[in-house]
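Asks: Heads up, our numbering is the position in the sequence shown plus 147, with the first residue counted as 1.
Honestly, I wouldn't trust all of these hints.
Think about it this way: if two alpha-carbon atoms lie no more than 20 angstroms apart in a straight line, the pair counts; the simulated SDA-like pairs of lysine to any residue are [said to hold, decoys possible]:
#	residue 1	residue 2
1	Lys258	Leu273
2	Lys258	Pro190
3	Lys258	Arg268
4	Lys258	Tyr159
5	Lys258	Gly281
6	Lys258	Ile175
Distance windows between CB atoms, simulated [to be verified]:
#	residue 1	residue 2	range
7	Asp214	Arg264	19 to 25 angstroms
8	Asn374	Asp266	31 to 37 angstroms
9	Gly338	Leu172	38 to 44 angstroms
None of these hints come from the bench; they were simulated from the model. Each residue gets a CB set at the ideal place from its N, CA and C atoms; glycine is no exception.
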Amino acid sequence: HTVKDVDFDARYWEATARREAREPLQHITGHAYFRYLELQVGPGVFVPRPETESVVGWAIDAVRAMDVVEPLIVDLCTGSGAIALALAQEVPRSRVHAVELSEDALQWTRKNVEGSRVDLRQGDALEAFRDLDGQVDLVISNPPYIPLTEWEYVAPEARDYDPELALFSGEDGLDLIRGIERTAHRLLRPGGVVVIEHADTQGGQVPWIFTEERGWADAADHPDLNNRPRFATARKAMP
């Protein structure tokens with residue numbers, strides 16, 4: 148059926164006013180697109196960003212290169228479920244587990260993962276999946292990484308509408324990344340890989356968290372499609 152002109156006009160001007168107030172377009176439409184997925188999003192959940200697509204692309208290539216029939220994957224701080232769902236979709240025989248702390252975010256995550264193979268749990272990313280210790284092939288995360296000192300410089304679309312829990316992580320932005328380093332080492336099998344997104348100003352810092360002394364090898368940083376530092380990777384050292 149067609150929407151009456153007057154109804155269309157009212158909705159159009161309402162949407163325009165919301166966008167002028169810097170509300171994210173994804174909140175206005177209720178949808179976000181990520182790789183080959185259409186996700187439901189809204190207040191309370193972090194809107195997935197195009198930059199993260201390159202992070203997932205690297206992870207998919209890494210998993211496909213492993214000589215593993217049914218790779219075991221863990222997504223920490225899953226938010227909308229975008230990363231976990233993309234991996235489940237594009238690595239067909241993968242076993243994907245995801246964790247999210249926020250109940251507000253989980254209201255959206257549950258809608259998105261319904262009918263998928265993703266095992267979704269609620270909890271603290273740093274304590275999650277102890278039943279999988281030492282078994283996981285890939286740990287991936289897009290954690291909060293904005294320094295608290297940068298609050299005033301964050302775009303209103305993020306600062307005023309994305310949940311604070313998904314944005315900020317201590318004075319230097321690296322608090323949760325440091326915790327995820329320990330969690331990833333606990334979860335991964337020897338030779339397993341961690342992939343973690345970070346701010347474009349942190350490329351010189353994050354790889355140094357994954358040191359040989361802590362049991363890592365091949366720590367490296369990678370650019371996004373705009374050639375800005377975007378994510379770090381490392382492999383759990385063999386015993």
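Asks: Is the gap between the beta carbons of Asp214 and Arg264 within 19 to 25 angstroms?
Replies: This hint holds: roughly 21 angstroms between Cβ atoms.
Asks: Please work out if Lys258 and Ile175 have their alpha carbons no farther apart than 20 angstroms.
Replies: Holds, at about 18 angstroms.
Asks: Given the hinted pair Lys258 and Pro190, is their alpha-carbon gap at most 20 angstroms?
Replies: Since the Cα atoms of Lys258 and Pro190 sit roughly 14 angstroms apart, the hinted pair holds (cutoff 20 angstroms).
Asks: Would you check the hint for Lys258 and Tyr159, treating anything up to 20 angstroms between C-alpha atoms as holding?
Replies: Distance of about 26 angstroms is beyond 20 angstroms: violated.
Asks: With a cut-off of 20 angstroms on the C-alpha distance, tell me whether Lys258 and Leu273 pass.
Replies: violated, 24 angstroms
Asks: Between the alpha carbons of Lys258 and Arg268, is the straight-line distance 20 angstroms or under?
Replies: holds, 13 angstroms
Asks: Against the 20 angstroms threshold, does the CA-CA distance of Lys258 and Gly281 hold or violate the hint?
Replies: Measuring from Cα to Cα gives roughly 30 angstroms; hence the hint is violated.
Asks: Please test the hint of 38 to 44 angstroms on the beta carbon pair from Gly338 and Leu172.
Replies: holds, 41 angstroms
Asks: Taking the Cβ atom of Asn374 and the Cβ atom of Asp266, is their distance within the range 31 to 37 angstroms?
Replies: Given a distance of about 35 angstroms, which is inside 31 to 37 angstroms, the answer is holds.
Of the numbered hints listed earlier, those contradicted by the structure are 1, 4, 5.
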